[in-house]
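**Q** Sequence:
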Amino acid sequence: MPRPSPPQLLIGMGVAAALLGGGLLLRPFLEASRAAGTDPASTPATRPDPAAADSLAVGPRLPQLPTDPALPTSADGRHYPLVPADPQQLAALLAAVEEALRDAATPAEALPALGHQQQVIYRVLAHRQPLAAEVRRSLPPGWLSVYDRHLLARRSFLAMHRSDRRPASLPSWRILPPPPLEQLVRSYKQAEQATGIDWEVLAAVNLVESGMGRIDGVSVANAQGPMQFLPTTWAQPGVGKGNIRDPHDAIQAAARYLVRRGGLKDIRKGLWGYNNSDNYGRAVLAYASLIQEDPRALIGLYHWEIHYAAAAGDLWLPVGYAQIQPVAVTAHLRRQPASAPPPGSSGY
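First residue of the sequence shown: 1, per the working numbering; consecutive thereafter.
None of these hints come from the bench; they were simulated from the model. Please read these numbers as outputs of a predicted model, since none were measured by experiment. The beta carbon of each residue, even a glycine, is placed where N, CA and C say it ideally should be. Everything hinted at is true.
Computed spacing ranges between beta-carbons, pair by pair:
id	residue 1	residue 2	range
1	A235	Q129	42 to 50 angstroms
2	Q89	A221	38 to 46 angstroms
3	A235	R334	37 to 45 angstroms
4	P180	L71	24 to 32 angstroms
5	L264	T67	46 to 54 angstroms
6	D216	E109	19 to 27 angstroms
7	S163	L264	31 to 39 angstroms
8	E134	R245	38 to 46 angstroms
9	R245	P141	38 to 46 angstroms
10	N276	Y348	20 to 28 angstroms
11	Q129	P69	26 to 34 angstroms
12	A70	A331	21 to 29 angstroms
13	E109	G320	13 to 21 angstroms
14	Y348	T73	20 to 28 angstroms
Derived lysine-lysine pairs resembling DSSO-like cross-links, with alpha carbons at most 30 angstroms apart:
id	residue 1	residue 2
15	K265	K241
16	K269	K189
17	K269	K241
18	K241	K189
19	K189	K265
Construct the entire structure; sequences and hints are all you get.
**A** As structure tokens, then:
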């Protein structure tokens, strides 16, 4: 930091302000949106009537996710999310999932599958632009701004990497459960109070850098910990304090670093210091804007899984993945077939 952005580090970006009063983020987000032809000011941001997803509801607002009992499952019994091929069905599913993730009545045990379903839908649609356009035409109007920002973020990350250089091996990572969401939010807000950097920006950086702490490993650039600090950056005066791998310490340090790089005057400048790419800043601010507009959007993002864009497809690395050295994709899939995307769930 500044550091190169390794092609395999595709988290929920994998793996980035309230349009209602978030002056710090509003201008850069709108500029990025207009450049992409998806100005959220042109689409309503109000939430739709959940009755729009009634055809998928099992009880109030809880969608029936597509399933196939023949698919292999991870240790927790879940399979790779399926993505309907029909654009109208996909739009109805996505709207129902977005609603359920924000509904306080949704059981906690349903959230991991809902979040993963949301994530995979956006990852697929970011690649498949004709399908994405058809889905958009079928979405309830209240979800269009949310939809546009998710795709803006994901496509911004895709623009940072070459699609003809996807790896044939998987990294030496451990995938761990993230810290509790309440604990993370407390750390984000404490950092905001100490530095003035919006907590939603810190949440978005945490999401795209490590899946909110799921990845335990060192990047090819030697970045470490949940906020992916280079040890040399951590050692800069006034930046790193405590443990580079501790979630709370790393979040506080990230806020201080963004201030050091000019983030209080222009958050885009601060994010450029974090990763030298306009696409990176555009993506982080898009995710941050979703959280600022509706903090409940963070629930879905928190439940995103670790995905790895390999030559064999968009592989899911669930909690429990552990490699002390890189492993060939073919060898991994023989042991963990649930990592492989079913037809239609990879996007490429």
